[in-house]
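Got chain A; can you put chain B on it based on the hints?
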Amino acid sequence: MHTPLIGVSQEILKIKELIDHVADTGLNVVITGETGVGKEVVSRVLYQQSPRNSKPFVKVNCAALPDGLLESELYGYEQGAFTGAEKKKKGKFELAHKGVLFLDEIGDMSLTLQAKLLHVLQSGEFAPLGSEREIKADTWVIAATNHDLAEKIVEKTFRADLYYRLNIIKIYIPPLRERPEDIIELVNHYTNEFITQFSNKNIKKLDTKTIDAFLSYHWPGNVRQLQNTLKRVLLLGNGYEIIEELKNGQTDFPESRTSAIKTSINKANTFNPSYNFDEITDISNFSLKEVRKKALDKIERDAILYILNKTNWNRSKASKILQISYKTLLYKITELNIEQPATSSE
Amino acid sequence: MEKQSKLLIIDDSDVIVEMLYQFLKSKNYELFSASNGLDGIKIFNSDIQGFDLVITDIVMPNISGVGVISILKNKRPDLPIIAITGFGEHPESLAAEAHADVVLEKPIDLNILNQHISDLIARKNS
Numbered sequence: 001m002h003t004p005l006i007g008v009s010q011e012i013l014k015i016k017e018l019i020d021h022v023a024d025t026g027l028n029v030v031i032t033g034e035t036g037v038g039k040e041v042v043s044r045v046l047y048q049q050s051p052r053n054s055k056p057f058v059k060v061n062c063a064a065l066p067d068g069l070l071e072s073e074l075y076g077y078e079q080g081a082f083t084g085a086e087k088k089k090k091g092k093f094e095l096a097h098k099g100v101l102f103l104d105e106i107g108d109m110s111l112t113l114q115a116k117l118l119h120v121l122q123s124g125e126f127a128p129l130g131s132e133r134e135i136k137a138d139t140w141v142i143a144a145t146n147h148d149l150a151e152k153i154v155e156k157t158f159r160a161d162l163y164y165r166l167n168i169i170k171i172y173i174p175p176l177r178e179r180p181e182d183i184i185e186l187v188n189h190y191t192n193e194f195i196t197q198f199s200n201k202n203i204k205k206l207d208t209k210t211i212d213a214f215l216s217y218h219w220p221g222n223v224r225q226l227q228n229t230l231k232r233v234l235l236l237g238n239g240y241e242i243i244e245e246l247k248n249g250q251t252d253f254p255e256s257r258t259s260a261i262k263t264s265i266n267k268a269n270t271f272n273p274s275y276n277f278d279e280i281t282d283i284s285n286f287s288l289k290e291v292r293k294k295a296l297d298k299i300e301r302d303a304i305l306y307i308l309n310k311t312n313w314n315r316s317k318a319s320k321i322l323q324i325s326y327k328t329l330l331y332k333i334t335e336l337n338i339e340q341p342a343t344s345s346e
Numbered sequence: 001m002e003k004q005s006k007l008l009i010i011d012d013s014d015v016i017v018e019m020l021y022q023f024l025k026s027k028n029y030e031l032f033s034a035s036n037g038l039d040g041i042k043i044f045n046s047d048i049q050g051f052d053l054v055i056t057d058i059v060m061p062n063i064s065g066v067g068v069i070s071i072l073k074n075k076r077p078d079l080p081i082i083a084i085t086g087f088g089e090h091p092e093s094l095a096a097e098a099h100a101d102v103v104l105e106k107p108i109d110l111n112i113l114n115q116h117i118s119d120l121i122a123r124k125n126s
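Sequence lines, in order, name chains A and B.
Take 1 as the starting number for the first sequence in our numbering and just add one per residue.
Take 1 as the starting number for the second sequence in our numbering and just add one per residue.
The hints are simulated quantities; they were obtained by calculation from the structure and are not laboratory data.
Predicted model, so just to flag it, every value in this text is computed and none were measured.
Ideal placement from N, C-alpha and C gives every residue a C-beta, glycine not left out.
Just so you know, not all the hints are guaranteed correct.
Claimed, not checked - Pairs of lysine-lysine, BS3-like flavour, derived with a Cα cap of 25 Å:
#1 K75/B to K170/A
#2 K75/B to K16/A
#3 K98/A to K75/B
#4 K14/A to K73/B
#5 K170/A to K73/B
#6 K42/B to K16/A
#7 K332/A to K317/A
#8 K16/A to K73/B
#9 K152/A to K59/A
#10 K289/A to K332/A
#11 K73/B to K124/B
#12 K170/A to K42/B
#13 K170/A to K16/A
#14 K116/A to K152/A
#15 K92/A to K116/A
#16 K298/A to K320/A
#17 K75/B to K14/A
#18 K14/A to K42/B
#19 K98/A to K73/B
#20 K106/B to K170/A
Claimed, not checked - Derived list of chain A stretches under chain B, where covered just means 3 residues or more per stretch with a C-beta under 8 Å from a C-beta of chain B:
#21 17–24
#22 158–170
The shape of chain A in the complex, shown without the other chains (with noise of 0.2 Å):
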């Protein structure tokens, strides 16, 4: 599956003329912008763009795995090599070869990883923990990061070298607040795409009232954020509604029962995984540990309610679904406080 990287704006043009004078040279490449601007859309557009599309494209999160986790997911280790060890597991740079690597959130590996990463880089060579043996890295590595990494190297977070052997090509894709001209066209390329993928319902295309506030919203979450809410919108149709409450901030913190159950409801029908630290009122208890916890909860809580709302409720098919006991299920549904949302008598 293959999303194109869509806008008109002269930014994005100019983002698309620079990967087509690129894409085949394997230099590295630095993206960076805001969350959900579409900078794993441009690793994409540049990997099919290259004579490596026919060889795998490779992920990693590195904010997603703890350092010592992160470092055998990249390096593979041996049998043995630790604890838990069990078996020989190839690295991802290893997985990518002659295929492309993307390091997404590259701006939060710890400084040891860093090291690492800039001695692979420097000698074209890596071995897998535990093992004598190095191994030819022929991958083109993409990174990306929404941190500026030129204060994090200030901040002495960021190493200088690595930084500069990251930067060959560098793409910066700015916010969707400042390219009103990129909102119209992705509403009106992912109208279409709804359209065409619910093709049993009715749905209306986009007033004016609605566009003037989608062009009006800030977008916090860019593009990613904007598919989301097209769609709620789309598919329930109370778009200039949805934009406001975005807009007040209702979406989390609901002021009327309406409202309430409208969220509920909408929360209900998307899976849609993230955790809002604007929520959190009390910092006297935020710790990282405290915040692993309370996301994970979170996580948990969205993900159980909407299969939920998928089985209509059916609790057995639900811990099915979500490979848990029954009674793990239940217990979660009252430890987490997931209640049944009253329906709305629209």
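Leaving out everything else, chain B in the frame of chain A:
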């Protein structure tokens, strides 16, 4: 009469481009310039065999000088390239790895630059 040598200057600083342009024009070179790597590559593409030498800055937006050198050398392996750097160790060593023929540190001594240009073009033509 000898044909004028055709040079391409790529630097994102208008001041530097202007300075190099004025100086090299006075030395009777035919000059083209670009303020970023992508435009530089496009200009080069318009006459791949025709350019005698390229001068490029290292730290630039979008396509860094290292990328430019790599791309141009790929199109024309015998193209002499002078890289200009002002940022210390790392970009310099990268420029050398990307096979820039000469790496000069800012501030540029224009006469030394001119000497390198003549030498490289003479070497290429021999």
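Structure-based check of all given hints:
no.: 1; hint: K75/B to K170/A; verdict: 21 Å, holds
no.: 2; hint: K75/B to K16/A; verdict: 21 Å, holds
no.: 3; hint: K98/A to K75/B; verdict: 22 Å, holds
no.: 4; hint: K14/A to K73/B; verdict: 23 Å, holds
no.: 5; hint: K170/A to K73/B; verdict: 20 Å, holds
no.: 6; hint: K42/B to K16/A; verdict: 14 Å, holds
no.: 7; hint: K332/A to K317/A; verdict: 15 Å, holds
no.: 8; hint: K16/A to K73/B; verdict: 23 Å, holds
no.: 9; hint: K152/A to K59/A; verdict: 23 Å, holds
no.: 10; hint: K289/A to K332/A; verdict: 20 Å, holds
no.: 11; hint: K73/B to K124/B; verdict: 14 Å, holds
no.: 12; hint: K170/A to K42/B; verdict: 17 Å, holds
no.: 13; hint: K170/A to K16/A; verdict: 13 Å, holds
no.: 14; hint: K116/A to K152/A; verdict: 18 Å, holds
no.: 15; hint: K92/A to K116/A; verdict: 14 Å, holds
no.: 16; hint: K298/A to K320/A; verdict: 20 Å, holds
no.: 17; hint: K75/B to K14/A; verdict: 22 Å, holds
no.: 18; hint: K14/A to K42/B; verdict: 13 Å, holds
no.: 19; hint: K98/A to K73/B; verdict: 22 Å, holds
no.: 20; hint: K106/B to K170/A; verdict: 23 Å, holds
no.: 21; hint: 17–24; verdict: holds (count 4)
no.: 22; hint: 158–170; verdict: holds (count 8)
Every hint from the earlier list agrees with this structure, and none is contradicted.
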